[in-house]
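Mapping of the sequence shown onto the working numbering: position 30 corresponds to residue 515, and the numbering continues sequentially without gaps.
There's no promise every hint is true.
Unchecked claim - Derived DMTMM-like pairs (lysine to aspartate or glutamate); straight-line CA-CA distance at most 20 Å:
id, residue 1, residue 2
1, Lys-559, Asp-573
2, Lys-520, Glu-538
3, Lys-520, Glu-533
4, Lys-520, Glu-724
5, Lys-559, Glu-538
Hints listed in this document are in silico derivations from the structure and should not be mistaken for laboratory results.
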Amino acid sequence: MEGLEQVNALPRSPDAPLRVLILSDGRPGHFNQSKGVLRALQFHHRIETEWCELHLRSAALRPILTGLLNYSPKVPDPARLGFFYQVDQLPHPTPDLIVSAGGNTLHANAWLARAFSCRNLFIGDPRKLGPHCFWRVLTYRERQPSPPFIHWEITPVPILPEEITAEGQRFREAEALHGAPLWTLLIGGDGGGYRYQREDWEHLIAGMRRLSARHGIRWLTVTSRRSGDIVESMLATLEHDPMIARLSLYTRDRGARYRDFLGAGDRVVATEDSHMMLTEAISAGRPVLSLRPREARPDWTNQLFFDSYSREGYLQRAAIVELEDDQFDWTPTDQTFQSPLRELGQQLSRWLQTEAA
486 MEGLEQVNAL PRSPDAPLRV LILSDGRPGH FNQSKGVLRA LQFHHRIETE
536 WCELHLRSAA LRPILTGLLN YSPKVPDPAR LGFFYQVDQL PHPTPDLIVS
586 AGGNTLHANA WLARAFSCRN LFIGDPRKLG PHCFWRVLTY RERQPSPPFI
636 HWEITPVPIL PEEITAEGQR FREAEALHGA PLWTLLIGGD GGGYRYQRED
686 WEHLIAGMRR LSARHGIRWL TVTSRRSGDI VESMLATLEH DPMIARLSLY
736 TRDRGARYRD FLGAGDRVVA TEDSHMMLTE AISAGRPVLS LRPREARPDW
786 TNQLFFDSYS REGYLQRAAI VELEDDQFDW TPTDQTFQSP LRELGQQLSR
836 WLQTEAA
């Protein structure tokens, strides 16, 4: 097999569960990507999941870890990972597969896979770690077209169009939201090279009003933990405005209605600072428009995603100030969107079953 040279055999019994260890650095976006892979595997396997939160003690340790994993012939001791990471507790029993996302879990993923002689999957860029450190790498970058690298154009998240649509329909019925079409507005905040000023939020609200009047729609509007007091206070004054169907403020609801709003809207408009929000909207099978503030300098990783999503037709991009002009393509899109999770699950299961044979 490519990547890791020696791994334990997988369970041969069809009734035996696949033991999956998820490593988390505590960041919701990375956590969600791992949950996406887990959801893909659940199409074909009964899963036993163990979660392990860990934190790299210092970024200065990365070159040391890279050298050890790339060049040392010794099998690392799992207990010694604690020299480099703060670790909740080591897994028990030995996993069949390790999954993680984000650079702060990268070296721990490779270390534990070698220590336990098990398969591992990393979501993201493996940076300077060699391909022999991984069973599979799910990457957004154009890399070698063969394992361990798998180029995947949509980041895995645990959202299926049919499930989120059903949740949204139940929400519409429970809230008696009949009549006017509903569009969802997902609002992020400062971060990832984006910074919002009051002027940006004023333009956003003016654009919401313009689209509501022109297209006869009402807004399901939800803020996030990074949105901040300025936009939340501005939106709070509009809660009973006819253009607002429902408003969910993070400081009040803690995101509890996020999935309801995402599933109930026919279209999604989202601020561009959150790659994860955009990915979830795309994975829900919705047409998506992203909006950026005046001060927008996306980092290179997010720019790669935006370019790919736009090129594949999943995403329209615009500045917030352009929203009032409404020069966008609002024509109905193909409703046959198939979740990439199903294809990912098929591929991973096929590789696992081939190696178990």
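Hint check against the structure, violated hint numbers in rising order: 1, 4, 5
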